[in-house]
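Visitor: Here is how the chains run, residue by residue.
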Amino acid sequence: MRVKIFVYLKDGVLDPQGKAVERSLHALGYKEVQDVRMGKYLEIELDAPSRQAAEERIREMCDKLLANPVIEDYRFEIE
Amino acid sequence: MRWGVIVFPGSCDEQDVYDCLKTNLRQKVDFLWHKDRLAGKLDCIVLPGGFSYGDYLRCGAMARFSPIMQGVVEFAQKGGLVLGICNGFQILCEAGLLPGALTRNASLQFICRRVFLRLEETDTPFTCAGKKGQLLKLPIKHGEGCYYADPTTLERLHKNRQILVRYVDAKGRTAPAANPNGSLDHIAGVCNEGRNVFGLMPHPEDAGEKILGGEDGLKIFSSVIEACDKRGKRAWLD
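Quick mapping for you: the protein sequence lines, in order, are chains A and B. The numbering used here numbers the first residue of the first sequence as 153 and each following residue consecutively. The numbering used here numbers the first residue of the second sequence as 358 and each following residue consecutively.
If you're looking for bench data, these hints aren't it; they were derived computationally from the structure. There's no promise every hint is true.
[Said to hold, decoys possible] Okay, derived cross-link-like pairs now, EDC-like style, lysine to aspartate or glutamate, Cα gap no bigger than 16 Å in a straight line:
id	chain 1	residue 1	chain 2	residue 2
1	A	Lys162	A	Glu229
2	B	Lys489	B	Glu501
3	A	Lys156	A	Glu197
4	A	Lys162	B	Asp400
5	A	Lys192	B	Asp412
6	B	Lys435	B	Asp400
[As the list claims (entries may be wrong)] Chain B side only, calculated, beta carbon under 7 Å to chain A, not exhaustive:
id	residue
7	Ala458
8	Ala463
9	Lys516
10	Arg518
11	Ile520
The beta-carbon is built from N, C-alpha and C at its ideal position, and this holds for glycine as well.
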């Protein structure tokens, strides 16, 4: 099973990298860009007896390691 | 008293901490390898600066799961003293031993310079040798030192007086220009509710002798020594 995980900053957490990318896009002429927030994308290949079992394990992995709950949220898609 | 300085793969400031303690303060210090289980009679454990696990994923995210950390958590829960410096502070936040998180500097730049800190509370084993409002000049060298906590946590930090040091200017005032990394409320270091775990981004071990540019860092270490001397009385709460 392949899982795609998106980890992103919570609203209200400063994202200077996103701001820097926004400025660069503006400098390149993409003035219509209003906001950029940067996150992380992970792909995990794993074995699981069911989608539900995989979901449970992935949630645990995200809660424990892959995302910092103080500053990040996450979502994922199982293929 | 006995100090232990943890070495993670990628730690780089453990030697500075060791030298400062051993040479400048004549302390008994040991290096503790991250893969070993915590053992022996220790009074204060230091998590030093550096780039543990390459700062991969997030600074300190993986170091918090090193084998030795289980012992560190138990040690802290029993009231043992734990000091996290820079990457050490990041690891303690990731481990949940300290509230909040350290994020990328607001300027996106790695800042390497001396800053002024103001001592906000002196009723802890890490600050009891100082005076409230005292200024300390310590170097910082980090790219991810911007302290963040949500509003509820920040309120709790204020209520419990857990903010121990703030970034200030030479006159002791907080100001945007004096805040090197955009930290919330100019926070440079916090302690836990039990006041036995302290994390700060600046490096006291690099301000331990005049030839390095100052000795203000000794205030933090000698507070711990003083507190441990009076351990039976838990002097810092008097």
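Visitor: Now, for every hint given, state plainly whether the structure supports it.
Guide: These are the hints, each one checked on the structure:
| no. | hint | result |
| --- | --- | --- |
| 1 | A/Lys162 x A/Glu229 | violated (19 Å) |
| 2 | B/Lys489 x B/Glu501 | violated (27 Å) |
| 3 | A/Lys156 x A/Glu197 | holds (9 Å) |
| 4 | A/Lys162 x B/Asp400 | violated (38 Å) |
| 5 | A/Lys192 x B/Asp412 | holds (14 Å) |
| 6 | B/Lys435 x B/Asp400 | holds (12 Å) |
| 7 | Ala458 | holds (4 Å) |
| 8 | Ala463 | holds (5 Å) |
| 9 | Lys516 | violated (19 Å) |
| 10 | Arg518 | violated (21 Å) |
| 11 | Ile520 | violated (16 Å) |
Consistency with the previously given hints fails for numbers 1, 2, 4, 9, 10, 11, ordered from lowest to highest.
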